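S.K.: Given next are the chains, with one letter for each unit.
2 protein chains.
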Amino acid sequence: MTHEQKPFVVIYDTTLRDGMQGIEITYTVEDKIQIAHKLDELGVDYVEGGFPLSNEKEAEFFRRARDEHFDHAKIVAFGSTRKPGRKAEGDPHIEALLEAETEAVIVVGKAWTEHVTKVLKTSLEENLEMIYDSISYLRSKGRIVFFDLEHFFDGYKADPDYALKVLRAGTEAGAECLVVCDTNGGTLPHEVAEIMGALPQKELAPLGVHFHNDTGNAVANSLMGILSGAIHVQGTINGWGERCGNANLCSIMPTLHYKMGYPITAGPHLTKLTAVSRFVAEKANIIPDKRQPYVGEAAFSHKAGQHVDVLLKAEHLMEHMDASLVGNERRILISELAGKSTILKKLSRYGSFTKDSPEVEQLTRLLKEKEAEGYEYEAAEASFEILILKTLGLYKPLFEFDNYHLESFKAGSADSKTVGKLFLCAEDNEVMGAAVKVGPVEALDAALRDALLPYYPFIEEISLTDYRVRVLNPERATGARVRVFISSRNHNGHTWDTVGVHENIIEASWQALVDSYDYYYNIFVLSQRNTQ
Amino acid sequence: MTHEQKPFVVIYDTTLRDGMQGIEITYTVEDKIQIAHKLDELGVDYVEGGFPLSNEKEAEFFRRARDEHFDHAKIVAFGSTRKPGRKAEGDPHIEALLEAETEAVIVVGKAWTEHVTKVLKTSLEENLEMIYDSISYLRSKGRIVFFDLEHFFDGYKADPDYALKVLRAGTEAGAECLVVCDTNGGTLPHEVAEIMGALPQKELAPLGVHFHNDTGNAVANSLMGILSGAIHVQGTINGWGERCGNANLCSIMPTLHYKMGYPITAGPHLTKLTAVSRFVAEKANIIPDKRQPYVGEAAFSHKAGQHVDVLLKAEHLMEHMDASLVGNERRILISELAGKSTILKKLSRYGSFTKDSPEVEQLTRLLKEKEAEGYEYEAAEASFEILILKTLGLYKPLFEFDNYHLESFKAGSADSKTVGKLFLCAEDNEVMGAAVKVGPVEALDAALRDALLPYYPFIEEISLTDYRVRVLNPERATGARVRVFISSRNHNGHTWDTVGVHENIIEASWQALVDSYDYYYNIFVLSQRNTQ
Numbered sequence: 001m002t003h004e005q006k007p008f009v010v011i012y013d014t015t016l017r018d019g020m021q022g023i024e025i026t027y028t029v030e031d032k033i034q035i036a037h038k039l040d041e042l043g044v045d046y047v048e049g050g051f052p053l054s055n056e057k058e059a060e061f062f063r064r065a066r067d068e069h070f071d072h073a074k075i076v077a078f079g080s081t082r083k084p085g086r087k088a089e090g091d092p093h094i095e096a097l098l099e100a101e102t103e104a105v106i107v108v109g110k111a112w113t114e115h116v117t118k119v120l121k122t123s124l125e126e127n128l129e130m131i132y133d134s135i136s137y138l139r140s141k142g143r144i145v146f147f148d149l150e151h152f153f154d155g156y157k158a159d160p161d162y163a164l165k166v167l168r169a170g171t172e173a174g175a176e177c178l179v180v181c182d183t184n185g186g187t188l189p190h191e192v193a194e195i196m197g198a199l200p201q202k203e204l205a206p207l208g209v210h211f212h213n214d215t216g217n218a219v220a221n222s223l224m225g226i227l228s229g230a231i232h233v234q235g236t237i238n239g240w241g242e243r244c245g246n247a248n249l250c251s252i253m254p255t256l257h258y259k260m261g262y263p264i265t266a267g268p269h270l271t272k273l274t275a276v277s278r279f280v281a282e283k284a285n286i287i288p289d290k291r292q293p294y295v296g297e298a299a300f301s302h303k304a305g306q307h308v309d310v311l312l313k314a315e316h317l318m319e320h321m322d323a324s325l326v327g328n329e330r331r332i333l334i335s336e337l338a339g340k341s342t343i344l345k346k347l348s349r350y351g352s353f354t355k356d357s358p359e360v361e362q363l364t365r366l367l368k369e370k371e372a373e374g375y376e377y378e379a380a381e382a383s384f385e386i387l388i389l390k391t392l393g394l395y396k397p398l399f400e401f402d403n404y405h406l407e408s409f410k411a412g413s414a415d416s417k418t419v420g421k422l423f424l425c426a427e428d429n430e431v432m433g434a435a436v437k438v439g440p441v442e443a444l445d446a447a448l449r450d451a452l453l454p455y456y457p458f459i460e461e462i463s464l465t466d467y468r469v470r471v472l473n474p475e476r477a478t479g480a481r482v483r484v485f486i487s488s489r490n491h492n493g494h495t496w497d498t499v500g501v502h503e504n505i506i507e508a509s510w511q512a513l514v515d516s517y518d519y520y521y522n523i524f525v526l527s528q529r530n531t532q
Numbered sequence: 001m002t003h004e005q006k007p008f009v010v011i012y013d014t015t016l017r018d019g020m021q022g023i024e025i026t027y028t029v030e031d032k033i034q035i036a037h038k039l040d041e042l043g044v045d046y047v048e049g050g051f052p053l054s055n056e057k058e059a060e061f062f063r064r065a066r067d068e069h070f071d072h073a074k075i076v077a078f079g080s081t082r083k084p085g086r087k088a089e090g091d092p093h094i095e096a097l098l099e100a101e102t103e104a105v106i107v108v109g110k111a112w113t114e115h116v117t118k119v120l121k122t123s124l125e126e127n128l129e130m131i132y133d134s135i136s137y138l139r140s141k142g143r144i145v146f147f148d149l150e151h152f153f154d155g156y157k158a159d160p161d162y163a164l165k166v167l168r169a170g171t172e173a174g175a176e177c178l179v180v181c182d183t184n185g186g187t188l189p190h191e192v193a194e195i196m197g198a199l200p201q202k203e204l205a206p207l208g209v210h211f212h213n214d215t216g217n218a219v220a221n222s223l224m225g226i227l228s229g230a231i232h233v234q235g236t237i238n239g240w241g242e243r244c245g246n247a248n249l250c251s252i253m254p255t256l257h258y259k260m261g262y263p264i265t266a267g268p269h270l271t272k273l274t275a276v277s278r279f280v281a282e283k284a285n286i287i288p289d290k291r292q293p294y295v296g297e298a299a300f301s302h303k304a305g306q307h308v309d310v311l312l313k314a315e316h317l318m319e320h321m322d323a324s325l326v327g328n329e330r331r332i333l334i335s336e337l338a339g340k341s342t343i344l345k346k347l348s349r350y351g352s353f354t355k356d357s358p359e360v361e362q363l364t365r366l367l368k369e370k371e372a373e374g375y376e377y378e379a380a381e382a383s384f385e386i387l388i389l390k391t392l393g394l395y396k397p398l399f400e401f402d403n404y405h406l407e408s409f410k411a412g413s414a415d416s417k418t419v420g421k422l423f424l425c426a427e428d429n430e431v432m433g434a435a436v437k438v439g440p441v442e443a444l445d446a447a448l449r450d451a452l453l454p455y456y457p458f459i460e461e462i463s464l465t466d467y468r469v470r471v472l473n474p475e476r477a478t479g480a481r482v483r484v485f486i487s488s489r490n491h492n493g494h495t496w497d498t499v500g501v502h503e504n505i506i507e508a509s510w511q512a513l514v515d516s517y518d519y520y521y522n523i524f525v526l527s528q529r530n531t532q
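Sequences listed follow chains D and U, in order. Quick note on numbering: the first sequence equals residues 1 to 532 in the UniProt record's numbering. Quick note on numbering: the second sequence equals residues 1 to 532 in the UniProt record's numbering.
It is possible that some hints are incorrect.
No copy labels: a pair is met if it fits in one copy or bridges any two.
Within a straight-line C-alpha distance of at most 25 angstroms, the following computed DSS-like cross-link-like pairs (lysine-lysine) qualify [said to hold, decoys possible]:
hint : residue 1 : residue 2
1    : LYS290    : LYS202
2    : LYS283    : LYS370
3    : LYS74     : LYS346
4    : LYS74     : LYS290
5    : LYS355    : LYS118
6    : LYS57     : LYS368
7    : LYS283    : LYS87
8    : LYS74     : LYS87
9    : LYS57     : LYS345
10   : LYS202    : LYS272
11   : LYS165    : LYS83
12   : LYS202    : LYS345
Derived from the structure by calculation, the hints contain no laboratory data. Since this is a predicted model, take the numbers as computed values, not measurements.
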């Protein structure tokens with residue numbers, strides 16, 4: 001493993017092409033354009049935009065991308081080598097690449113003999129010709145041509161001589177970079193070092209790497225590839241892609257830049273990384289993985305009180321890096337073990353307090369009581385904010401509760417229904433809300449909205465986006481206490497989380513619902529009024 | 001990297017201890033006992049059960065575990081070295097470890113000078129004494145003692161001589177294994193190889209490794225650690241743990257066994273791996289990651305078309321391994337014979353059937369429909385048994401349902417209450433049941449028992465022991481569909497599990513409740529009557 005030289009590493013993103021093979025992943029053309037801009041702002045060098053031959057939507061992206069301005073990133077069109085027994089000119093695969101009108105294209109070809117003979121059903125010699133012809137023809141049309149060697153690692157294990165011939169064909173044809181791919185995802189880091197170390201790299205065009213995560217090693221394989229001579233790395237944002245995904249650029253980029261000292265264009269822009277990760281998650285409509293390295297919500301979270309004391313003394317003793325370098329933030333989880341220093345930090349926005357302030361004492365006691373009852377504020381900071389407001393005497397309730405009444409019934413084979421009614425006092429008016437829904441929590445929320453909307457039109461800005469239930473003492477079976485978490489979002493994309501706990505799931509949900517509306521009212525609506 | 005020899009590798013699971021530090025992870029004592037049994041069946045060598053000193057719940061696990069039978073796995077209690085300036089004997093940390101009454105214990109000590117001086121606030125020399133004393137005292141009490149070297153890699157980078165002294169202190173004190181830990185998670189695979197390669201391993205006790213996933217390299221680091229001489233690897237099921245998690249044993253075990261040829265006890269049991277992964281997810285109430293290597297739902301998925309054609313020709317061309325080796329299955333978009341053999345197996349107790357029997361066809365179709373709606377029978381076999389009885393025309397309902405009606409209300413600051421009423425027909429009698437409870441599910445169950453008890457005294461033999469709720473499409477918030485699991489037990493300790501799915505949690509719970517009583521009636525009560 002070489003440390004003496006640190007060549008520039010090209011970051012090549014395939015979120016919009018290979019990433020689209022992932023389960024549950026689809027992007028509209030508009031999504032793809034927006035994601036391409038985010039990648040450009042992040043300093044990604046190449047953005048693989050799609051496979052123009054595969055369908056009209058893919059081709060449309062390239063037509064639209066032509067009119068877009070990108071500061072640095074180059075858009076790349078993906079396609080395969082010409083078909084056996086044809087010329088490159090006029091071959092539909094090759095022509096589709098040219099019609100994309102991008103400065104750079106990428107051509108995928110076979111590097112495993114069995115794939116050539118059994119899948120392409122052609123000769124090993126013809127496969128080499130297909131690769132040479134396709135790349136050199138595209139070069140003659142002025143394109144930068146990357147060459148993806150599909151199944152390279154498996155192919156090398158089966159027949160290293162042939163895999164090397166494929167690399168040489170790409171080199172001779174003028175490929176910008178030979179991207180060795182682990183298409184089935186079974187290659188391990190030490191094998192990457194062995195195989196890449198055995199290649200006559202000086203006789204070849206520069207190498208790039210493309211890994212899949214089937215053994216959980218896609219990131220490590222990519223780093224090993226770079227340590228073994230590659231100067232180009234492919235991956236996707238959040239690591240989403242076929243099966244277990246592609247190499248995760250959100251892990252590779254900060255590791256190369258901050259930990260290994262490799263120059264990358266994205267280096268100075270990595271403070272945007274967390275935002276880009278979440279933007280792509282939003283477009284993919286996938287809940288971001290809290291445990292994701294560097295950019296996940298839990299990546300810099302700390303639980304215990306002792307830990308927090310150490311953190312405040314010397315961060316490097318408890319954190320492998322500063323969260324802000326990747327645009328993330330440290331989260332001190334409010335938990336049983338949380339010390340006063342945690343609470344002090346949360347209180348700091350409301351004034352200056354010390355460990356001996358009565359408010360700090362009171363909150364510490366309250367937190368202990370609540371946590372003993374089963375409340376958990378780690379994932380429900382908005383509910384904790386309400387506790388703070390109440391303790392400081394700053395809390396303004398949205399309404400005064402009178403009563404709710406829910407009737408759930410089911411007769412014979414008809415589906416169940418719930419009627420929800422509630423009475424409350426909003427801005428000095430006695431109000432009733434009512435709704436009929438399938439389940440009780442849905443009915444309660446609908447009745448609450450029905451009651452509040454005439455007085456607080458901002459209620460319409462709020463949507464509930466997540467609802468989770470945890471049984472706390474399941475051994476009490478149907479009499480167990482349940483904890484409910486609700487996530488809410490406003491029209492501007494701001495999100496917050498609340499919690500409720502009770503033996504009655506309806507009451508637990510009611511607490512979390514009321515906290516959500518109350519939080520929005522106190523933190524957004526009232527503070528805006530005050531600053532106007 | 002050595003390939004010539006493949007020593008036996010010890011698998012050490014810390015799901016129940018370090019894994020509990022993960023965001024949103026909590027297990028009851030009963031959950032922990034059940035998970036320990038699953039790990040034992042899988043062939044895990046050591047199961048770290050918790051930190052007995054930290055709280056009563058942790059200590060209770062060890063009291064319960066003493067009476068449990070494990071085929072192979074040894075339970076390990078976790079704790080730290082003695083406090084500075086004390087003796088090991090009588091130190092609360094050390095005594096708590098002895099009181100756990102396990103054959104093996106693990107002691108964590110500091111390997112980074114700054115942590116010794118700034119966090120422990122003691123001298124470097126005293127830290128070495130603390131380590132030596134603690135381990136040798138525990139050894140003198142007949143325990144197998146593992147030694148966790150906290151922050152080893154960061155400590156080694158800062159002061160390799162001191163880190164080596166810590167290793168030697170553990171060796172001299174008689175530690176079974178020196179577990180080098182990357183506590184902050186920033187170490188990279190090539191650094192693991194360099195640092196471990198530089199250690200005088202022949203002069204030391206055997207090495208083990210413990211990695212965190214903060215750069216996405218915990219699995220690769222573990223493999224690199226083993227290639228660099230470690231013979232013990234720590235991790236968690238699904239990789240859940242503090243921040244970005246621990247090294248994922250669900251990736252490490254199949255890679256060691258199937259791809260690297262290292263002998264592990266779990267080797268012959270890895271066909272259970274996917275089931276264990278999902279069992280732990282169920283207990284943690286976390287939706288399993290579909291993209292997880294080896295055990296994820298998408299790990300062996302293929303989009304239809306060309307891929308599938310290639311697959312049917314030669315699987316190894318498109319898959320890095322056979323999914324069934326880890327108990328997972330290939331998923332392709334064309335309809336498949338998936339599940340038929342499982343169904344056949346289940347049916348065998350009711351007679352002889354073949355894959356072409358109409359009952360098998362019918363059950364396969366039904367199972368597909370139900371699973372598409374969100375039912376899951378892996379953890380609810382009693383509900384599946386009822387589907388079988390219904391399909392075969394053998395099902396005898398316990399009662400005929402007429403209607404249920406639940407009223408939940410809360411007024412002012414009084415606690416919420418639910419009145420449950422239901423009408424049904426039992427043994428040709430029209431019966432009403434009624435009850436008042438806090439929550440709706442409790443009220444429904446109590447009303448059902450009220451109605452049935454006069455006709456079926458055996459109802460008293462049944463108690464409900466577990467109730468779990470999972471929101472299936474959380475993005476639909478309070479209108480989401482929920483899945484309820486209920487575990488039941490009779491007076492003889494026999495247990496069974498049932499499932500219900502609906503947008504209305506009451507209705508989902510009702511389905512699982514009725515299945516539970518029906519199952520007991522059909523399988524226990526009626527069959528006993530028939531054999532008398």
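S.K.: Given a CA cutoff of 25 angstroms, do LYS165 and LYS83 count as a within-copy pair, a between-copy pair, both, or neither?
M.R.: within (19 angstroms within a copy, 64 angstroms between copies)
S.K.: Indicate which option fits the pair LYS57, LYS368 if close means a Cα-Cα distance not exceeding 25 angstroms: within, between, both or neither.
M.R.: between (41 angstroms within a copy, 17 angstroms between copies)
S.K.: Is the C-alpha distance from LYS74 to LYS290 at most 25 angstroms within one copy, between copies, in both cases, or in neither?
M.R.: neither (31 angstroms within a copy, 32 angstroms between copies)
S.K.: From the Cα coordinates, with 25 angstroms as the cut-off, is the pair LYS355 and LYS118 best called within, between, both, or neither?
M.R.: Between copies only: 22 angstroms across, 68 angstroms inside.
S.K.: Cα distance capped at 25 angstroms. Does LYS283 pair with LYS370 within a copy, between copies, both, or neither?
M.R.: Answer is both; intra-copy 22 angstroms and inter-copy 23 angstroms each pass.
S.K.: State whether the alpha carbon distance between LYS202 and LYS272 is at most 25 angstroms within one copy, between copies, both, or neither.
M.R.: Classified as neither; 36 angstroms inside a copy, 47 angstroms across copies.
S.K.: When no copy is named, should LYS74 and LYS87 be tagged within, between, both, or neither for a Cα gap of at most 25 angstroms?
M.R.: neither (28 angstroms within a copy, 66 angstroms between copies)
S.K.: Evaluate LYS290 and LYS202 at a C-alpha cut-off of 25 angstroms and name the case that applies: within, between, both or neither.
M.R.: The answer is neither: 42 angstroms in one copy and 41 angstroms across copies each exceed 25 angstroms.
S.K.: My question is about LYS74 and LYS346: at a cut-off of 25 angstroms on alpha-carbon distance, are they close within one copy, between copies, both, or neither?
M.R.: neither (33 angstroms within a copy, 43 angstroms between copies)
S.K.: With 25 angstroms as the alpha-carbon cut-off, assign the pair LYS283 and LYS87 to within, between, both or neither.
M.R.: Answer is neither: 40 angstroms inside a copy and 59 angstroms across each miss the 25 angstroms cutoff.
S.K.: If the cutoff is 25 angstroms on CA atoms, where do LYS57 and LYS345 land: within, between, both or neither? Let me know, please.
M.R.: neither (40 angstroms within a copy, 30 angstroms between copies)
S.K.: From the Cα coordinates, with 25 angstroms as the cut-off, is the pair LYS202 and LYS345 best called within, between, both, or neither?
M.R.: Neither, since 52 angstroms and 49 angstroms both go past 25 angstroms.
Hints 1, 3, 4, 7, 8, 9, 10, 12, counting from the list given before, are not met by this structure.
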